[in-house]
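Trainee: Following the hints, complete the assembly by docking chain H onto the known chain F.
Respectively, the protein sequence lines represent chains F and H. For the first sequence, this note's numbering assigns the number 3 to the initial residue and increments by one for each residue that follows. For the second sequence, this note's numbering assigns the number 40 to the initial residue and increments by one for each residue that follows.
Any given hint might turn out to be false.
Unchecked claim - To give an idea of the interface, some chain H residues facing chain F are shown, with a C-beta separation under 8 Å as derived from the structure: (1) A89; (2) F91; (3) E116; (4) M120; (5) S121; (6) M122; (7) F124; (8) P131; (9) G142; (10) V193; (11) A196; (12) Y262; (13) Y265.
Stated by the list, open to error - Restraint ranges, calculated between C-beta atoms of paired labels, are given here: (14) R475/F x S77/H: 19 to 27 Å; (15) F413/F x E176/H: 56 to 64 Å; (16) F419/F x H64/H: 43 to 51 Å; (17) D41/H x F419/F: 29 to 37 Å; (18) K147/H x A566/F: 41 to 49 Å; (19) K147/H x R506/F: 53 to 61 Å; (20) S77/H x F413/F: 27 to 35 Å.
Think of the hints as simulated: they come from the structure by calculation, not from any bench. Quick reminder that beta carbons are idealized off the backbone N, C-alpha and C, glycines included.
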Amino acid sequence: MTSASRTTEGSSIAHARWGSSVPWASRLQPQNLLWLLLAAILVVLILAPMSTLVIASFTDAQTGNWTLSNYAEAYGRARHVTALTNTLKMGAAVVALKLLFGVPLAWACTRTDMPGKNLVRYGVFGAFIMPPYLGGVGWILLAGPNTGWINRAWFWLTGATEPLVNVFTFWGLVLVTAIGGFFLVFVFVSSAFEMINSEMEDAANILGAGPVKTALKITFPLVLPAILGSALLSFLGAIALYGVPALIAIPARFPVVVIQLSEFFSFPLRVEVAAAYSVPLLLITVGLLGLQRLILRRKGYTSLTGKGGERRLVKLGRWRWAMFAYCFAVVALAVLLPFVVLLLAAFNRSWTAGFSIDNFTLRNFHYALFEHSSSQHALVASVGIGIAAATLAILLALCIAYIVQRRVLPFGQVLAFLAVSPYVIPGIVLAIGFYAAYALPPLALYGTYTILVLAVATRFLPIAFTTAVAGMRSIHPEMEDAVRILGGGRLSVIRSVVGPLLKRTLAGGWLLIFVLAAQELSTAIFLVGPNTRVVSVVLLDLSEEGRMEVLAALGTLLLLMIVAVVAIGVRYLGRDFMLRRS
Amino acid sequence: MDGLVLRNLGRRFGAFDAVADLNLHIKPGEFVSLLGPSGCGKTTTLRMIAGFIDPTAGAIELNGKLLSAPDGSVPPEKRGMSMIFQSYAIWPNMTVAQNVSFGLKLRKLPREEVRRRTGEILEVVRMSHLADRYPSELSGGQQQRIALARAIVVRPALLLLDEPLSNLDANLREEMRFEIKRMHDEFKITSVYVTHDQSEAMVTSDRIAVMNKGLLEQIDTPYALYTRPRTRFVASFIGRTNFIAGHRSGDLIDFTGFSVPMAAINGPVASSGELTASIRPEAMRLTTEPSSDENAIKLEGTITRSAFLGEAWDYVFRSRNSDVEFKVAAPPSEKFEVGGSAWLQIDPRQVVPITD
Chain F
3 MTSASRTTEG SSIAHARWGS SVPWASRLQP QNLLWLLLAA ILVVLILAPM STLVIASFTD
63 AQTGNWTLSN YAEAYGRARH VTALTNTLKM GAAVVALKLL FGVPLAWACT RTDMPGKNLV
123 RYGVFGAFIM PPYLGGVGWI LLAGPNTGWI NRAWFWLTGA TEPLVNVFTF WGLVLVTAIG
183 GFFLVFVFVS SAFEMINSEM EDAANILGAG PVKTALKITF PLVLPAILGS ALLSFLGAIA
243 LYGVPALIAI PARFPVVVIQ LSEFFSFPLR VEVAAAYSVP LLLITVGLLG LQRLILRRKG
303 YTSLTGKGGE RRLVKLGRWR WAMFAYCFAV VALAVLLPFV VLLLAAFNRS WTAGFSIDNF
363 TLRNFHYALF EHSSSQHALV ASVGIGIAAA TLAILLALCI AYIVQRRVLP FGQVLAFLAV
423 SPYVIPGIVL AIGFYAAYAL PPLALYGTYT ILVLAVATRF LPIAFTTAVA GMRSIHPEME
483 DAVRILGGGR LSVIRSVVGP LLKRTLAGGW LLIFVLAAQE LSTAIFLVGP NTRVVSVVLL
543 DLSEEGRMEV LAALGTLLLL MIVAVVAIGV RYLGRDFMLR RS
Chain H
40 MDGLVLRNLG RRFGAFDAVA DLNLHIKPGE FVSLLGPSGC GKTTTLRMIA GFIDPTAGAI
100 ELNGKLLSAP DGSVPPEKRG MSMIFQSYAI WPNMTVAQNV SFGLKLRKLP REEVRRRTGE
160 ILEVVRMSHL ADRYPSELSG GQQQRIALAR AIVVRPALLL LDEPLSNLDA NLREEMRFEI
220 KRMHDEFKIT SVYVTHDQSE AMVTSDRIAV MNKGLLEQID TPYALYTRPR TRFVASFIGR
280 TNFIAGHRSG DLIDFTGFSV PMAAINGPVA SSGELTASIR PEAMRLTTEP SSDENAIKLE
340 GTITRSAFLG EAWDYVFRSR NSDVEFKVAA PPSEKFEVGG SAWLQIDPRQ VVPITD
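Bound conformation, chain F alone (with noise of 0.2 Å):
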């Protein structure tokens, strides 16, 4: 029998067990109450959020009724509508730009023989590990209009007075968001592009179709579905980033929806307000989503699963060396170029004092490190709400998906759902859910970092999810009724088999998510409290008082952490876990 048939044959067990013929005593077993507690904890981490954001859009903050007035607040400025448009502008040029980084990488180092694509790889990887608002703390002191190394060099190259390049301006913004995320377009679009089988595209070879037209017609089409989905992600990360407009925009005096919103939640403090403005954010996600199921619609793209043999590489021939200068100036600009200014400026007493030996000191360290009231506090919270939030993600994501693909129990999809949904909420928009639902009394979270971790955690869930679902099925279901069949109960199928088998792929997940989680700045944003406050968030206020330096060491160290945590994960789980994912 085949899995196919084999899968359709539980879902009816599954449908028949569930009958009305089951008398209620005997639905309230174990597993049962087990389906409860999962379902009822992606309510308090989803549902509950999402629903109060929408209802505190219509609420009155004083009487409680219901009303209007908060939309009418949002976008009764020209202001508040510029920032919405701008918001839109700016992710559409993003989508644009990451896709003119990630796309031709993937091919590159997916499909032809160019050099150093290892190279090329690990650049994409640094794009991953650094965190967005430091590298648009590198390009400011790359790129800053009076004071920017390029400028300074410009300058003085060519005694022109003015500047060259300008990081505070619309495009500035754009180049900035884009290098900090195009690495997630890269890996969808690569492993989009090793699933191809060869032999699909030599079948249009044999059918007399050239390489162009095959590219065009087979290969193009079939990458396709990874390229939307990719471009949605990156529309849905780039309007919902907070750091990158938070160092650029407001000093480029281009106004930007996520802006708006934290000026929503300094004072005077309106959450509704707030939740009305970020509500269309939720709408354009749902647009988009429904635009995706339109164009991919019927089409069988499933077929992306063969493993695709052995693929030929194209031969690239005199343009090998351009294709690499071209990838390597992509990871110069996303990694290299701001990762040595920053090292740089870490090191320096002024970081515009230029490269001499009396500008060396290391007392940004030691000054970010014990002398400055929050980063030493914030340097520990931030990795312990990575390794909480991590946790808390692979834990709960493994029940699910051990429950959706044996189909233990009735409506699994319905959890299935639930767990992926986060994917596409903009991270500050479930900030300003979590916030609307929990800050305030009765539960009153805000200020502890409970919230901080159950935010961070169901912002990353969907990731721990996928990743526990492809675990999953890679366990043939015959493995556990082999277990369970010798005289091994449930817990020993857990145990010796499941538990062994999925670590790898796990402790993967985990290493994943603990890397955005400990830099997470947009969830943390409007969560953090006087004494929760998290690196990211040090970070950009460091930026706000100006002190450069101090920024430079204190990233450096996050930097130096992360890394840390990624080099033990590889050294255990082998270098390419994260470039695999899917």
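Mentor: Leaving out everything else, chain H in the frame of chain F:
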């Protein structure tokens, strides 16, 4: 009652009856196959016996103990059975020896006994030299042997086999059929074997239960099943056959173009009306001259198609006076030309009445 008893067993998925009113008694030490096309309910039956699926009707008993009923079932881990899976289900995180000894350890046997019995069974399946290998380093056939050893070493009350050979290539499959047979002869474990491959079932089984659309069509020894199929489905699923329509008139049964005395026919016939009979291609002979055999039925006709299969000829013979066509098998030496005339000789004792 000793052995495995399935009593009015049924399993309904929504509005679909996967298995209905199945009655079966498998004696201790017996090897029984559940044979049928995919979707016939054989795997569902096996998984109900294992306890992975609960029945919606009827009961399963083993050696007088009730195991499964609609209102409650013994879980698989408490049934003392073992099973060989289609995917082998060898645990990749354990070595060969760890895989094989897993069930023994669960039974909390002394370490020395676990070691001894693991060693013995690996000897039996000729895998001792690979005891410390991991499954990914083994071939499909070797993995199959490990699955066999793992299932047998616990001396199960019942051994279940779920299409264990369907992932092997043809040569290996033939070898493993005899391996399974040898294991059964050696350990005499009561076994239920699910397959859709009739030759697999015929090589291994004491009896074969043919299932179709959730119903048991017939259970018999391989020989009886082949020579005396009771239904149209069984006759056509096991081997190839010719169906001929006839009706009863007095002591004769009239088929198109010939008739057979009631007494000569193999099997019971309804007292009146229409009937269908099955004649195997091997139950007939082609000759150039009419046979002198008094009892044989003789038909004159032409050869309309022929194919040489190596071990036999495959002919289609068309009767001259009725235009009925028969598939006929002949030894390689008996060569006939397409279009040429021939005589068909039918042994009436091999004309088997069947029900539709």
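Trainee: Each hint needs a verdict: does it hold in this structure or not?
Mentor: We went through each hint and held it up to the structure:
Interface hint at A89/H: satisfied, since its Cβ lies 6 Å from the closest Cβ of chain F, which is below the 8 Å cut-off. Interface restraint check for F91/H: the shortest CB-CB distance to chain F comes to about 6 Å, inside 8 Å, so the restraint holds. Hint on E116/H holds. Least Cβ distance to chain F is approximately 5 Å, under the 8 Å limit. Because the closest C-beta pair between M120/H and chain F is about 6 Å apart, less than 8 Å, the hint holds.
Checking S121/H against chain F: minimum C-beta separation of about 6 Å stays under 8 Å; hint holds. A distance limit of 8 Å between C-beta atoms decides the matter here; for M122/H the minimum to chain F is near 4 Å, and the interface restraint holds. Nearest Cβ of chain F to the Cβ of F124/H: about 4 Å, under the 8 Å cut. The hint holds. Satisfaction of the interface hint for P131/H is found here, the shortest Cβ-Cβ separation to chain F being roughly 7 Å, below the 8 Å cut-off.
Hint on G142/H holds. Least Cβ distance to chain F is approximately 4 Å, under the 8 Å limit. Satisfaction of the interface hint for V193/H is found here, the shortest Cβ-Cβ separation to chain F being roughly 6 Å, below the 8 Å cut-off. Of the supplied interface hints, the one on A196/H is violated, with its beta-carbon coming no nearer than about 11 Å to a beta-carbon of chain F, more than 8 Å. The interface hint given for Y262/H is broken, as the beta carbon of that residue sits about 28 Å from the closest beta carbon of chain F, more than 8 Å.
At about 25 Å, the closest approach between the beta carbon of Y265/H and any beta carbon in chain F exceeds 8 Å, and the interface hint on this residue is violated. Evaluation of the 19 to 27 Å hint for R475/F and S77/H yields a pass: the beta carbon distance comes to about 23 Å. Under the hint 56 to 64 Å, the C-beta atoms of F413/F and E176/H, about 42 Å apart, miss the expected range. Between F419/F and H64/H the Cβ separation comes to about 47 Å, which falls inside the hinted range of 43 to 51 Å.
At roughly 51 Å, the beta-carbon separation of D41/H and F419/F lies outside the given 29 to 37 Å, and the hint is violated. Taken as a hint, the range 41 to 49 Å holds for the pair K147/H and A566/F, whose Cβ atoms sit roughly 44 Å apart. Checked against the hint of 53 to 61 Å, the pair K147/H and R506/F fails, with Cβ atoms roughly 30 Å apart. A beta carbon spacing of about 29 Å between S77/H and F413/F agrees with the range 27 to 35 Å that was offered as a hint.
This entry does not satisfy hints 11, 12, 13, 15, 17 and 19, going by the numbered hints stated previously.
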